[in-house]
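Asker: Sequences and hints are given; from them, build the entire structure.
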Amino acid sequence: MAEGRPVALKTNSSFSAALRRGEHIETHKKWAAGQNKQRTIDKNTAKLEEETEDLHSDLVDAEVGRIMMQARQGKGITQKELATRINEKPQVVADYEQGKAVKNQLVLSKIERALGVKLRGRDRGQPLSGPKKK
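Residues 1 to 134 (UniProt numbering) are what the sequence shown spells out, left to right.
Think of the hints as simulated: they come from the structure by calculation, not from any bench.
Cβ coordinates follow ideal geometry from the N, Cα and C atoms, glycine included.
Errors might be hidden in some of the hints.
Straight-line C-alpha distance at most 25 Å; calculated DSS-like pairs for lysine-lysine [unchecked claim]:
| # | residue 1 | residue 2 |
| --- | --- | --- |
| 1 | 10 | 29 |
| 2 | 89 | 100 |
| 3 | 118 | 103 |
| 4 | 75 | 29 |
| 5 | 29 | 47 |
For each label pair, taking beta carbons as the anchor points, the in silico distance ranges come out as [to be verified]:
| # | residue 1 | residue 2 | range |
| --- | --- | --- | --- |
| 6 | 80 | 25 | 19 to 27 Å |
| 7 | 98 | 76 | 14 to 22 Å |
| 8 | 85 | 126 | 14 to 22 Å |
| 9 | 56 | 9 | 48 to 56 Å |
| 10 | 106 | 12 | 46 to 54 Å |
| 11 | 13 | 51 | 23 to 31 Å |
| 12 | 116 | 94 | 48 to 56 Å |
| 13 | 16 | 56 | 16 to 24 Å |
Answerer: In structure tokens, the structure reads:
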């Protein structure tokens, strides 16, 4: 190997050979090598600070939470049992009932099917009808 020219050693055998020859070896760890981490900022920081767009997410209405609670208590099940039925965490059910959760149509449809009550649309609180007959 020529003096002063950096060479990337890719195998253990080439690394060992360089050690035997007494060459100067410097190691560098690649940043986030082998990890699925992407912590780069895509936008310019100045642009982010100048943004004036109002970003807010829709939370579940308190009425939906009240309907959920009444339907759940009418069926005699706990929040934990409902969470198990819809394959979600109990905290998700609690947040929906308290009106703190961000609306997720998938979760709302799971809750509707588990409780048998409509939670979306004009006819909230009405019994959920079965599939349409052909």
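Asker: None of the hints should be skipped; say for each whether it holds.
Answerer: Right, here's what the structure says about each hint:
Proposed proximity of residue 10 and residue 29 is supported: the alpha carbons are some 13 Å apart, at most 25 Å. Between residue 89 and residue 100, the direct Cα distance comes to roughly 15 Å. Compliance with the 25 Å bound is thereby established for this hinted pair. With a CA separation close to 15 Å, the supplied pair residue 118 and residue 103 stays within the 25 Å bound. For the hint pairing residue 75 with residue 29, the CA-to-CA distance comes to about 58 Å; that exceeds 25 Å, so the pair is violated.
Proximity of residue 29 to residue 47 is assessed by CA-CA distance (about 32 Å); at most 25 Å being required, the pair is judged violated. Here the CB-CB span from residue 80 to residue 25 is close to 58 Å, at odds with the stated 19 to 27 Å. Checking the proposed 14 to 22 Å range against residue 98 and residue 76 shows it holds: the Cβ atoms sit about 21 Å from each other. The hinted range of 14 to 22 Å is satisfied by residue 85 and residue 126, whose Cβ atoms lie roughly 20 Å apart.
Range check, residue 56 to residue 9: about 53 Å between beta-carbon atoms, so the 48 to 56 Å window is met. At roughly 49 Å, the beta-carbon separation of residue 106 and residue 12 lies within the given 46 to 54 Å, and the hint holds. Between residue 13 and residue 51 the C-beta distance comes to about 53 Å, which lies outside the given range of 23 to 31 Å. The supplied range of 48 to 56 Å is broken by residue 116 and residue 94, whose beta-carbon atoms lie about 20 Å from each other.
Restraint check, residue 16 to residue 56: a C-beta distance of roughly 60 Å breaks the suggested window 16 to 24 Å.
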